[in-house]
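Enquirer: Residue numbers (my numbering), protein chains in the order written: chain W, 447 to 605; chain F, 539 to 1288; chain H, 21 to 100.
Take the hints with a grain of salt, since some may be wrong.
Said to hold, decoys possible - Within a straight-line C-alpha distance of at most 20 Å, the following computed DMTMM-like cross-link-like pairs (lysine to aspartate or glutamate) qualify:
1. F/LYS677 to F/GLU1209
2. H/LYS67 to F/ASP630
3. F/LYS1112 to H/ASP73
4. W/LYS449 to F/GLU659
5. W/LYS449 to F/ASP604
6. H/LYS67 to F/GLU717
7. F/LYS946 to H/GLU90
8. F/LYS1279 to F/ASP1154
9. F/LYS720 to H/GLU83
10. F/LYS958 to H/GLU36
11. F/LYS958 to H/GLU58
12. F/LYS657 to W/GLU541
13. F/LYS956 to H/GLU52
14. F/LYS546 to W/GLU541
15. F/LYS946 to H/ASP37
16. F/LYS657 to W/GLU478
17. F/LYS677 to F/GLU1204
18. F/LYS956 to H/GLU58
19. F/LYS853 to F/ASP935
20. F/LYS848 to F/ASP689
21. F/LYS1159 to W/GLU571
22. F/LYS956 to H/GLU83
23. F/LYS976 to F/ASP1038
Rather than coming from a laboratory, the hints here were simulated on the basis of the structure. These numbers were taken from a predicted model, which means no experiment stands behind them.
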Amino acid sequence: MAKTHVTTSINGEATEFLCEPNETLLAVLRNELQLTGTKEGCGSGDCGACSVTMNGRLVCSCLVLGVEAEGAEIGTVEGISNKENLHVIQEKFLEHAALQCGICTPGLIVSTKALLEENPDPTEEEIRYYLAGNLCRCTGYDKIIRAVMDSAVVMRGDA
Amino acid sequence: MSEAREYKYIGQRTIRPDGFDKVTGRADFGADLSLPGMIWGKILRSPHAHARINKIDTSKAEAHPDVMAVVTHQDFPAVTAGGFAVGEGQVDFKDLSKNVLADDKVLYHGHPIAAIAAKTEAAAEAALSLIDVDFEVLKPVLDIAEAMKPDAPLLHADLFTQGLAEQPEKASNIASRMELKKGDIEAGFAAAEVIVERDFSTPTVHQGYIEPHATTVRYEADGQSMVWCSTQGHFDVRAIISTLLSMDLSKLKVIASEIGGGFGAKTTVYLEPVALMLSKKSGRPVKMAMTREEVFRASGPGSATRSRVKIGARKDGTITAMKAELNYAAGAFKGSPMAPGCMTAFTPYDVENMYVEGYDVVVNKPKAAAYRAPGAPQAEFAAEMVINELADELGIDPIEFRLQNAAKEGTQTIYGPKLKVVGLVECLEAAKNSPQYKQALAENQGRGLASGFWFNIGGQSSVVINMKPDGTGTIIEGSPDIGGSRASMQMMAAEELGIDISRLTPVVADTEHIAYSATTGGSRTTFATGMAVIEAAQDVVRQLKERAAAVWNVTAEQVEWEDGVATNVASGEKLSATEICQSAEKTGGQVSGRANINARGAGPSFAVHLCDVEVDKETGKTDVVRYTAIQDAGKAIHPSYVEGQYQGGAAQGIGWALNEEYIYSEDGVMENAGFLDYRIPLSSDLPMIETVIVEVPNSFHPFGVRGVGETGIIPPLAAVATAVSDAIGVHMGDLPCSPPKVLKAIQDAS
Amino acid sequence: MAKVIFSSELQLLTGEDHAMVSATNYRDLVAELLSRYENLSEGEIMKMAVAIDGVVIPDPLLESVSSSSEVHFLYRISGG
């Protein structure tokens, strides 16, 4: 099978890669581009560890083909912070101890950013349903939800 | 320990030192390492739950141009070594070798048979179909009760029941029997005025860590081979591989990657020896990673159980007798956590007469691995359910009933020693005073309460603290950090040294850079490795005082150490840790502190959980509406991560109680091997989980630490099932309380 | 004399639920038990953890035992 040439943008950076037609975006990110911050937990779209944004929309990169990235804007966890400082969401996850092992954390941070861009003032219930696609086995979610609520306050400028 | 000691760092909610890497995606987990020239390995797994392997033909696969190596059990040296304590107990190397790659039989659906390495993952996967296996399919046995029958299909022709008074002559699926006794059980029941006896069952469950098992290895024929893997204990991985592959320890370097959850199941090996053999045969570095389906079918699970518990009490609420029969499914090979189950079942109670009998039974399911307080959730579930029912029959409040019979300092346990100071009574009092216990229930709601006990362990830990020329330090430890333990190591060292946490960097070193440290498990790391950190820090302080003494030309006894500063008692002169380190070359070279310990005196941790549920009587769906987890930490070094352990344990236990189970077809195939159908709790399934940290110090630890990681998964099973029973008015003794089961219970009752 | 309490597993080998042993350290205590019970093997004992006066000791050797000590052999717990 001939590989396909794909031109895309990842975290604002113009990027080209070659991939098999059946290769997932997750595999491309991790294996071709060495962007291993995006994690694989299930490969079936159930756990959210591979969450990225594609043209601003939250997707599981294990359910997207690499070739679909052609001409798209992809956002991964590596692009959340600017070069100097952590993003508010990242700071709040640390402050609230919203991670234990940390394998779900990149996906949750990407999802949280997408949530708060869509809905800057979510209720606890809205957060719980929006993040229901991001599994965490360590924390029981309590501290994650608090970190997201606190991030929302700061990002709205209420704090 | 000094009760009055005021802490500067202990008890603070600091930012974890590995946090930056974890929130930016920089942290490298098991599947994140690639090496130049690396190829991929995949495993051919059994399509049958029970079959004899007549022949494996790998010739077509070997001839394929994409394939760079093929291995089967025949490539492994014969293992003769005996047992080894890791994970939930004794590991039998012969069994482990056959679990890693099947020998003459496959014993569960998904049992590894052969492995292939190829240039890409897809090529390796595709080439698996080129391996021909000639099977003689056998009848599987999945249920514990069925497997215990004398005419059941036998998994192992050479398995004879251990622990019987007379050596059995016939092979059996019952691997062992254990019996624990205290007092006179018959007299105890004779003295009882009310007796409750019930049968219980719990399903096969999975630890459900989000990171699948993964490893990258590089075999070196002449030098040192390297194994990078996601593990709770890289020193034990080294020991296991060296035995399975007959390699010297010195020829193996094992690096623990960041670990994406383990909960006990990453205390053994699955892929690592296979990958190393593929690397040996191909001459290339090899990466292997399980799919989620493989994780479910062939790693982990927590044992299914069937049990019967009988408890008797006098009308005044005094428990007179407690009896249990606990049967655990070990999976394909012996070694379920039956023994710790037997030992924990009744330990929250100070009762004169007890009798517990346990059976370890092999069935055609994956070999059970340790799962957070291995064996205890299943055993204490059954015991706590009967306690709640008995309290109800006696008309006594379940907290008062427990307080009246609670284990405390001096209580004779059924498994051996008397308890030292423990915090069960304090946890029960906290439950009584909790806002949740005082809140009235609404319609269709029910409440359940349960206690839990886990031993916690000590064991070997090694720590080196290297001070740098600028007065900062590196804490080198050998305990994989599974939930933030580097933060507590940093805090304990800072407290002891009197220097700021920001000046101390904790590092989990590979097997070459620190001496042996036992596996992270048994809630031991903050306790035992913490003790080593404290001792190593004290060693640093001692040396810094000596160096200051040398500068001042006085004896070390004339130097005092406080807040990271040495004071010359006679002159009042001061030298900070930084100043001493800056001139270390003049006083004898750099400063390193060291501790190698085998920690004893681990303090048991008791917990009490309170659960309110609401049941939709039309669908049988249960929602947890309020939850409080109360547990004795001894001393919480980092309260946020202690709370996190309570909340995470509660969530995992809630999943076990309400939804999680392996669903099998008749021929032994797991039918729900994915997160969509094996449903662990989602954020939308849970409420906030309230926590109370009780602190009854463990006198054997300088700061009073008990372990906190495991106990929290024990109480939820009975707390949730009691709450569901309370809400629907039907006793729920078979987990999980899933919607179909709850709905059926409601319909059968009406 | 120290009181040694046997687990049900060890009782199968000793035929008794406890024994009174005069020893000042763990090693001597084990030597005395091995000489007293012919079915008991060192391997069997090494497999177990020991608690001396309620303190669980993972890998004992020369720990001191007093005349009033209670010594329990118990299943070695690992955890998850």
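Enquirer: Decide, hint by hint, whether the structure agrees.
Expert: Cross-check of the supplied hints:
1. F/LYS677 to F/GLU1209: The hint holds at about 18 Å.
2. H/LYS67 to F/ASP630: holds (13 Å)
3. F/LYS1112 to H/ASP73: Given pair F/LYS1112, H/ASP73 is violated - Cα atoms ~45 Å apart, limit 20 Å.
4. W/LYS449 to F/GLU659: holds (16 Å)
5. W/LYS449 to F/ASP604: holds (17 Å)
6. H/LYS67 to F/GLU717: Measuring from Cα to Cα gives roughly 17 Å; hence the hint holds.
7. F/LYS946 to H/GLU90: OK: F/LYS946 and H/GLU90 at ~18 Å, within 20 Å.
8. F/LYS1279 to F/ASP1154: Given pair F/LYS1279, F/ASP1154 holds - Cα atoms ~13 Å apart, limit 20 Å.
9. F/LYS720 to H/GLU83: violated (27 Å)
10. F/LYS958 to H/GLU36: Status violated; Cα separation ~26 Å.
11. F/LYS958 to H/GLU58: Outside the cut-off at roughly 34 Å; violated.
12. F/LYS657 to W/GLU541: violated (43 Å)
13. F/LYS956 to H/GLU52: Judged against 20 Å, a Cα distance of about 24 Å means the pair is violated.
14. F/LYS546 to W/GLU541: holds (18 Å)
15. F/LYS946 to H/ASP37: violated (24 Å)
16. F/LYS657 to W/GLU478: Holds, at roughly 14 Å.
17. F/LYS677 to F/GLU1204: holds (10 Å)
18. F/LYS956 to H/GLU58: Violated, at roughly 29 Å.
19. F/LYS853 to F/ASP935: Roughly 13 Å between the alpha carbons, so the hint for F/LYS853 and F/ASP935 holds.
20. F/LYS848 to F/ASP689: Not satisfied, since the Cα-Cα distance of roughly 29 Å exceeds 20 Å.
21. F/LYS1159 to W/GLU571: holds (18 Å)
22. F/LYS956 to H/GLU83: holds (19 Å)
23. F/LYS976 to F/ASP1038: Given that 20 Å is the threshold and the Cα spacing comes to 42 Å, the pair is violated.
Figure legend: structure checked against the earlier numbered hints; hints not met, in rising order: 3, 9, 10, 11, 12, 13, 15, 18, 20, 23.
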